[in-house]
Amino acid sequence: MENMISVPMKARVDVPLEGEVSRLLPDQVGNVAGAHNSELQQRLLESGGRRDTLGPLKKVYVFWLPGMSCDGCTVSTIGATEPSIEELLTGALPGVPVMVLHHYQFQMESGDHFTLLLEQADAGALDAPYILVYEGSISDEHLTVGAEPWAAKGSLPTWAPADQRQRRSTPEWVRRLAPGAAVTIAIGTCATWGGIPASLGNPTGAMSVMDFLGKDYRSSLGLPVVNVPGCPAIGDDFTEAVTMLLKYMNGQGPVPEFDELGRPAWQFGDTVHLHCPRGAWYEEGNFAREFGGKECLAEIGCWGPVVNCHITERGFINGKGGCMVAGGACIGCMSPGFPDKFTPFYKRPPQTTPATTLSRVHGALTKPLRRTTQLERNREPRWRSTTPSGWAPEYDNVTIAHRTFEYFYTRIQYFRSELPGRHEKDEEKYSSGYVVPPEAAYGKEYAAAAGSQSRRGSQARHPSTAGAVASSRRIRDAPSGRSGVVTDVLSEPAR
Amino acid sequence: MFISSRVCGVCGGVHSVASSLAMEMAFGIGVPPMGLALRNIQLGLDFQIDNPVHLYLLAGPDYSQVVIERTNPSLWERAKKTETRHGNIHGFATMAELMTAFNPLTGKLYLEGLHMTRAPKEAYSILYGKYPHPQTVVPGGLSTTVSMQVLNETEIRIIRTLDYAKRGVFIWDDITQFFYDADPLYKQVGTRPKNMIDTGMWDDPFAYDGTYAGAAEWGDQRWATPGVIMDGELVTTNLHHINMGMEEFVEHAYYEGWENEGTPYPRDPAGNPLSPNHPWNKETKPRPDKRSWKDRYTWSTSPRWDRRVMEAGAYARLWATAAAAKMPHTRFLQATGTSVKIDTPQTPALPAMELEWKIPETWNAFERNLARAYHIVYSLMVAYENVQIAFDLMGDGENKVATMTEFRVP
Ligand code: SF4
Ligand code: SF4
Chain A
1 MENMISVPMK ARVDVPLEGE VSRLLPDQVG NVAGAHNSEL QQRLLESGGR
51 RDTLGPLKKV YVFWLPGMSC DGCTVSTIGA TEPSIEELLT GALPGVPVMV
101 LHHYQFQMES GDHFTLLLEQ ADAGALDAPY ILVYEGSISD EHLTVGAEPW
151 AAKGSLPTWA PADQRQRRST PEWVRRLAPG AAVTIAIGTC ATWGGIPASL
201 GNPTGAMSVM DFLGKDYRSS LGLPVVNVPG CPAIGDDFTE AVTMLLKYMN
251 GQGPVPEFDE LGRPAWQFGD TVHLHCPRGA WYEEGNFARE FGGKECLAEI
301 GCWGPVVNCH ITERGFINGK GGCMVAGGAC IGCMSPGFPD KFTPFYKRPP
351 QTTPATTLSR VHGALTKPLR RTTQLERNRE PRWRSTTPSG WAPEYDNVTI
401 AHRTFEYFYT RIQYFRSELP GRHEKDEEKY SSGYVVPPEA AYGKEYAAAA
451 GSQSRRGSQA RHPSTAGAVA SSRRIRDAPS GRSGVVTDVL SEPAR
Chain B
1 MFISSRVCGV CGGVHSVASS LAMEMAFGIG VPPMGLALRN IQLGLDFQID
51 NPVHLYLLAG PDYSQVVIER TNPSLWERAK KTETRHGNIH GFATMAELMT
101 AFNPLTGKLY LEGLHMTRAP KEAYSILYGK YPHPQTVVPG GLSTTVSMQV
151 LNETEIRIIR TLDYAKRGVF IWDDITQFFY DADPLYKQVG TRPKNMIDTG
201 MWDDPFAYDG TYAGAAEWGD QRWATPGVIM DGELVTTNLH HINMGMEEFV
251 EHAYYEGWEN EGTPYPRDPA GNPLSPNHPW NKETKPRPDK RSWKDRYTWS
301 TSPRWDRRVM EAGAYARLWA TAAAAKMPHT RFLQATGTSV KIDTPQTPAL
351 PAMELEWKIP ETWNAFERNL ARAYHIVYSL MVAYENVQIA FDLMGDGENK
401 VATMTEFRVP
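Protein chains in written order, with the working numbering: chain A, 1 to 495; chain B, 1 to 410.
Misleading hints may appear alongside valid ones.
Claimed, not checked - Straight line, CA to CA, 27 Å or less: simulated DSSO-like cross-link-like pairs of lysine-lysine:
#1 LYS326/B x LYS294/B
#2 LYS400/B x LYS320/A
#3 LYS108/B x LYS153/A
#4 LYS320/A x LYS81/B
Unchecked claim - To give a feel for the contact side, a few chain B residues facing chain A, derived at Cβ under 10 Å:
#5 GLY9
#6 GLY12
#7 SER19
#8 LEU21
#9 ALA22
#10 MET25
#11 MET34
#12 LEU58
#13 LEU111
#14 ARG157
#15 ARG160
#16 GLU251
#17 TYR254
#18 LYS285
#19 THR298
In case anyone wonders, no lab produced these hints; they're calculated from the structure.
Built from N, CA and C at the ideal position, the CB exists for glycine as well.
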């Protein structure tokens with residue numbers, strides 16, 4: 001067997017042990033192999049990745065620093081699709097400079113090699129502008145003077161002997177890098193408002209980036225802190241905001257609009273209730289009484305009507321998901337004051353009862369009227385007294401009282417306006433003489449059977465499918481162990 | 001649940017389910033089968049994000065062309081000449097091609113690793129609102145509004161991910177075998193004692209009753225068996241015993257001990273003794289301090305089982321399940337005592353195939369990655385089978401997703 005030549009692995013720890021000097025030198029920046037991320041980005045820039053020359057900027061560094069965070073915003077950003085993180089990293093979009101991401105999780109280099117680029121940014125020695133992204137809340141390092149910081153990145157000065165080095169806290173990095181940054185973006189509720197780490201009883205004095213940098217902070221482009229809140233932030237909200245900013249920096253787009261709290265105004269202008277798919281249940285006065293209900297969740301604790309968020313419109317990822325879409329009540333995770341101002345969860349938010357009572361009254365009036373029209377509209381003009389469907393209750397199931405009501409309601413509804421549609425009295429006869437079934441096709445007996453079945457209630461099924469449904473037992477109740485009608489068919493290719 | 005989820009943005013969903021389990025045991029409430037089936041889907045999908053990210057974004061670059069070419073030039077030469085064993089499945093003809101695909105940012109597998117976390121995240125968001133930090137976990141089940149539509153959309157995404165997951169097993173098998181063949185000494189990279197722990201997961205939809213007293217019984221019915229492995233031997237599968245052995249120490253971390261606070265829980269509800277260092281008795285008291293390698297040097301505490309360091313996670317789960325052979329034999333999954341067999345149906349690009357993960361002889365860095373690749377398929381198949389169960393339950397009209405008894409906080 002061919003023996004491989006083993007090259008000594010220059011094993012290093014994050015910070016050298018006492019008395020130890022970092023074993024790699026700055027000109028060998030990278031991981032143990034001397035490979036580093038910027039090198040690959042350079043490959044992209046020089047090779048096919050980016051031929052387009054819209055705008056003067058080729059690349060922009062993005063420093064993503066973690067404070068007291070759970071990495072959730074990183075995870076949700078990986079899922080973004082509008083645009084995707086790959087598109088930003090590989091320069092796929094015309095007019096948008098390549099994003100050279102310097103992220104603590106995805107970097108090939110670590111330790112001193114990781115912080116080197118940050119130091120260069122601090123010294124103003126980078127060859128392109130940079131954006132500072134901060135995830136997580138800022139810890140109050142006054143509480144840790146003389147001790148290990150709550151949150152830190154690297155030990156400086158780089159390459160110095162251990163006894164001359166000091167851990168550098170993440171707030172310190174922000175203090176140094178924020179003024180030179182083209183934009184400072186706080187991502188996630190922790191970074192924008194304080195979030196969970198800043199809730200009652202926290203020992204770290206956690207605060208937001210805005211609180212930390214103060215009202216007068218302006219980036220080198222003259223912008224205050226940009227806030228993309230959320231717990232976690234919606235990945236698309238972030239990549240979209242970054243793309244708009246990158247385009248603007250590159251002279252390819254307008255200044256993005258931000259609201260009074262620094263949120264992208266086009267994303268956070270409305271409450272989540274306004275786009276909620278359950279909104280009409282609210283309007284008609286139907287409220288879920290238990291978990292899993294499809295109605296409005298207001299009475300089991302939804303804060304949607306007062307929270308700025310648009311997850312119900314955008315979806316959480318690739319247009320899919322969203323809290324109330326799936327059945328989860330809003331707990332205000334995008335809002336300042338989360339979580340303390342929204343706990344205890346699953347209790348009715350203030351003003352819910354008067355508001356839902358009013359919509360119940362409104363619903364009680366409008367619902368019957370809408371149902372009447374709906375029932376009538378849900379029929380082809382040809383089917384005045386019967387439908388050709390074997391599934392549904394016949395139209396003549398409708399009670400006399402309902403018909404009488406509908407008759408008068410229609411008079412009022414169309415008072416002094418024209419009754420739309422065609423006005424045939426009976427089943428429509430086609431010019432060929434064809435009459436819409438059922439009688440013609442299946443005979444009277446069938447029609448009678450279908451009719452009597454459907455009269456039992458709207459849940460009744462077509463005779464031939466009712467059998468199939470009934471025999472589709474739970475998998476393990478079936479005699480053959482684990483199979484049912486549906487599952488038998490499915491298991492064929494698997495075996 | 002909402003708060004505990006936010007402990008971690010990578011595995012938050014698991015934390016929120018864990019706290020609903022805790023509340024269910026405190027209140028003594030069970031979960032309806034539909035709730036459990038949906039919860040199993042959730043816990044299956046949860047692994048479709050961190051596991052691929054680990055394999056292709058974090059571990060993958062270690063085996064990439066940019067790294068291997070420079071650290072081990074002769075190995076790279078060999079890779080250029082070596083044909084892959086499973087090229088017909090994953091499409092890489094030589095090891096060098098495969099390794100180039102591992103390159104960060106430019107490699108196909110790296111970019112695909114980013115992309116393939118999306119389908120499962122979508123499925124997760126469809127059922128639970130968002131990922132991470134699901135919005136529909138409640139004590140006694142879920143608050144998801146379940147319908148044919150959401151089950152269909154979930155199933156389709158699971159199948160698409162499964163295709164990718166099956167391919168992953170062969171990619172990592174090729175990597176492992178290539179390094180073993182190049183030099184058997186690679187088997188020593190990252191070796192550790194075979195000490196592993198897992199609490200199991202995926203409660204059987206018809207066995208779980210939400211009681212602490214019954215934990216030993218319903219634990220054995222989990223689709224991943226709870227277990228502790230010491231030096232390669234399975235020592236227990238009893239959830240009570242696993243709980244009893246847990247301890248947490250802060251001697252080297254920036255916290256004060258809690259010796260003076262007394263021991264609120266000297267015994268568990270079943271009467272088993274608990275250590276004063278058991279997490280239930282713990283109180284978190286941070287005390288920032290200077291770093292000293294001899295004394296305190298970290299914010300992380302040291303969890304131990306029976307005072308031993310244990311590995312946990314994807315491979316511990318597979319190992320305990322395989323060794324115990326106690327999980328119910330499901331339609332697609334089977335534990336044999338030395339392996340787990342995963343029967344996968346056909347997927348868009350690959351035929352039906354039976355995959356088998358065998359407990360490895362040596363325990364090293366390569367085996368960890370390989371086990372993780374199998375675990376992705378395993379957890380996806382749990383999710384897939386539970387979608388089928390959910391469909392059947394729906395056919396029977398059993399749509400209840402949560403227990404809504406008016407429980408009182410004890
Ligand atoms: S579920 Fe919430 S956001 Fe949706 S309509 Fe009801 S109250 Fe509004
Ligand atoms: S709907 Fe509410 S809980 Fe959901 S993401 Fe928006 S603010 Fe957060």
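| query | Of the hints stated earlier, which fail here? | reply | 1, 3, 4, 7, 8, 9, 10, 15 and 16
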